[in-house]
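Next come the chains, spelled out residue by residue.
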Amino acid sequence: MTKEPVAVVGIGQTAHVAARRDVSLAGLVREAAQRALDDAGLAWADIDAVVLGKAPDFFEGVMMPELYLADALGAVGKPMLRVHTAGSVGGSTALVAANLVAARVHRTVLTLAFEKQSESNAMWGLSLPIPFQQPLLAGAGGFFAPHIRAYMRRSGAPGTIGSLVAYKDRRNALKNPYAHLHEQDLTLEKVQSSPMLWDPIRYSETCPSSDGACAMILADRAGAARSPHPPAWVHGGAMRSEPTLFAGKDFVSPQAGKDCAADVYRQAGITDPRREIDAVEMYVPFSWYEPMWLENLGFAAEGEGWKLTESGATELDGDLPVNPSGGVLSTNPIGASGMLRFAEAALQVRGRAGAHQVDGARRALGHAYGGGAQFFSMWLVGAEPPV
Amino acid sequence: MPDPMREVAVVAFGQSDHVRDSAETSEVEMLMPVLHDVLGQAGLKARDIGFTCSGSSDYLAGRAFSFTMALDGVGAWPPIAESHVETDGAWALYEAWVKILTGEADTALVYAYGKSSPGDVREVLTRQLDPYYVAPLWPDSVALAALQAQALIDAGHTDERELARIAARSRTAAADNPHAQLTGSVPAGDYLVAPLRAGDCPPVSDGAAAVVLAAGDTARRLTDRPAWIRGIDHRIEAHSLGVRDLAASPSTRLAAERAGYFEHPVDTAELHAPFTSQEVVLRRALDLDGADTQVVVNPSGGALAANPVMAAGLIRIGEAADRIRRGASDRALAHATSGPCLQQNLVAVLEGES
Chain A
1 MTKEPVAVVG IGQTAHVAAR RDVSLAGLVR EAAQRALDDA GLAWADIDAV
51 VLGKAPDFFE GVMMPELYLA DALGAVGKPM LRVHTAGSVG GSTALVAANL
101 VAARVHRTVL TLAFEKQSES NAMWGLSLPI PFQQPLLAGA GGFFAPHIRA
151 YMRRSGAPGT IGSLVAYKDR RNALKNPYAH LHEQDLTLEK VQSSPMLWDP
201 IRYSETCPSS DGACAMILAD RAGAARSPHP PAWVHGGAMR SEPTLFAGKD
251 FVSPQAGKDC AADVYRQAGI TDPRREIDAV EMYVPFSWYE PMWLENLGFA
301 AEGEGWKLTE SGATELDGDL PVNPSGGVLS TNPIGASGML RFAEAALQVR
351 GRAGAHQVDG ARRALGHAYG GGAQFFSMWL VGAEPPV
Chain B
1001 MPDPMREVAV VAFGQSDHVR DSAETSEVEM LMPVLHDVLG QAGLKARDIG
1051 FTCSGSSDYL AGRAFSFTMA LDGVGAWPPI AESHVETDGA WALYEAWVKI
1101 LTGEADTALV YAYGKSSPGD VREVLTRQLD PYYVAPLWPD SVALAALQAQ
1151 ALIDAGHTDE RELARIAARS RTAAADNPHA QLTGSVPAGD YLVAPLRAGD
1201 CPPVSDGAAA VVLAAGDTAR RLTDRPAWIR GIDHRIEAHS LGVRDLAASP
1251 STRLAAERAG YFEHPVDTAE LHAPFTSQEV VLRRALDLDG ADTQVVVNPS
1301 GGALAANPVM AAGLIRIGEA ADRIRRGASD RALAHATSGP CLQQNLVAVL
1351 EGES
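So the protein sequences, as listed, match chains A and B.
The first sequence begins at 1 in my numbering and counts up by one.
The second sequence begins at 1001 in my numbering and counts up by one.
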């Protein structure tokens, strides 16, 4: 028996801000879930199972918060599964939920990811204490800056590329009412003169720390047929992992990312991603990761990704729009950031992305990564059902 | 539940010796021998595995992303299809079961580990509670279990003598389990939190476990008598203890119904009941105390004999599967729990091929 096709029939997200002091953790997730249900035209009773994801529990100081959130997510009496795969978790969570439908275990699944980073300090939450790690790094930026340096040296990219990405994503965010950062008067010069945090990463080339949640309703063919709005169809999805550190690891373009993309493209019948994919929502927490992932995901040859960025191809009106929502650089509730990428890709092919809609988007890629550039999750969604 | 798309079986199970304190051993070092054991049993190399899924908790390890280092134990190179649940490994097994059903994998490696020794696990588990109304009061896991035990006694469902018998039966059974931590004659001891005595409570354990799953003919090829997962389901209850009947476990019963448990009698039940009183709750939910039932409960000694948090539920599935694989059982129930006072429960029904 073949897999059941999986459709995204509902999407909801909260407004993302530095601190949602107006809601509890339960209130935050409930807001996103209710919006997804409204979008799908469904009620809580229609949901068969809930799959929840978030990044480290230390960010809120609640161990296994799915237990406490069971009531708020209408999960009482239902299966509730908690996923945690580091920064890629939002994407992985969506894939675990999709598999429940694909395997015909359930017909309608609510999947949700969140982070309420204002409850703690994410940077120090990610700085491991001795004896787990040498006291050399501060936060994720400290970990990734040397790998960006390696990319710059290897590709010969001009030092300004990062600022182009940041300026583009922050302007895209102005078209996304849910985005955290709305910097109306940002200029390229301001990005380029913002304080240096982790050389070569400047303040304006860094993701914010956000409170927010994202939810999706996934359904089988029958559910898609009842959907009041056009669904997005899952054409391929995959996860890949590799160890944090080992001799021969390529931090600039990890093999796990290449393998994951290849698996997704194979499932979706994609042979030329640059031509066949209309929009990309990729996980770019630091500006330079746009050109790096463009290469890792096969949109550009090795060492050539920065040229795509420089040419304007990744702008909202370019031929390969990247992060039309404003991306992680504009909104980063860490555990939800991967699911936001997946959901924004789905919004594009449903034609429901509003002011940041890419004209005529039929196929879009959602991408997330986490840990020490070692966990990858991706899906490819389309406006048409898979063949 | 609907007819599953594929048959899936447990073909190998391994666990560490569970100990009070493994300070000299890292999680990876604890895990490695167990992973080698199960892969060896199945005659597989790490690269033969189609999907890997693990269960663990950052709060036990005391650091964020604690599961990332465990990947070193797996040797995830070339890169592997892999996922992780922040809860007991029984739910990792569930995720892997779903993955195999989709046809995207024919085999899966599932592992779980927990080291409770670095912290005070009673205190740590208070962080699972409602962060606004309950966690600030720091009610620990033994106190909450005692609340449940008292509710059970008040309802006339058990008494302290029966609880003592459950403790004794479990530790006696564990004498045959080389991995168990607390075996033989264990004194009931003083009240830890009345009505629970030290003997009613699980030991504090460090340990790891792993399972290999395989589909259809692959499973038949890898082992003589696969333990087929005929049904598996899990359900959660409300979090607030005040809105639950602590003497009942409707989520266990519903999961068991969905897993097909009530359709045919089982001969073995491995229950994840860290406290003696919780076994009483589960027996009631699963009708294990009927006059005509001859079910062997927790022949491994259960969580009362070794309780590596985050692995103890997966171990129940592994122990039940091992009994089937060696012909000591034809149909067994395995149960895992998560959260305070049995809030979330998973039931799997395993069978040998007749």
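Any given hint could be a false lead.
As the list claims (entries may be wrong) - Listed next, the stretches of chain B that the computed footprint assigns to chain A, with coverage defined by at least 3 CB atoms under 8 angstroms from CB atoms of chain A:
(1) 1099 to 1108
(2) 1119 to 1133
What the hints assert, rightly or not - When the alpha-carbon atoms are kept at most 25 angstroms apart in a straight line, the in silico SDA-like pairs for lysine to any residue are as follows:
(3) K249/A / P1078/B
(4) K249/A / T1218/B
(5) K3/A / G1327/B
(6) K190/A / P146/A
(7) K258/A / G1216/B
(8) K249/A / W1077/B
(9) K249/A / G1050/B
(10) K1045/B / G248/A
(11) K258/A / R1127/B
(12) K3/A / G1216/B
(13) K190/A / H229/A
(14) K249/A / G1216/B
(15) K249/A / R1063/B
For the record, the hints were derived by calculation from the structure and aren't laboratory data.
Where a beta carbon is used, it is the ideal one built from N, C-alpha and C, also for glycine.
Of the hints given before, which are not true for this structure? When the structure is compared with the hints, numbers 4, 5, 7, 11, 13, 14 turn out to be violated.
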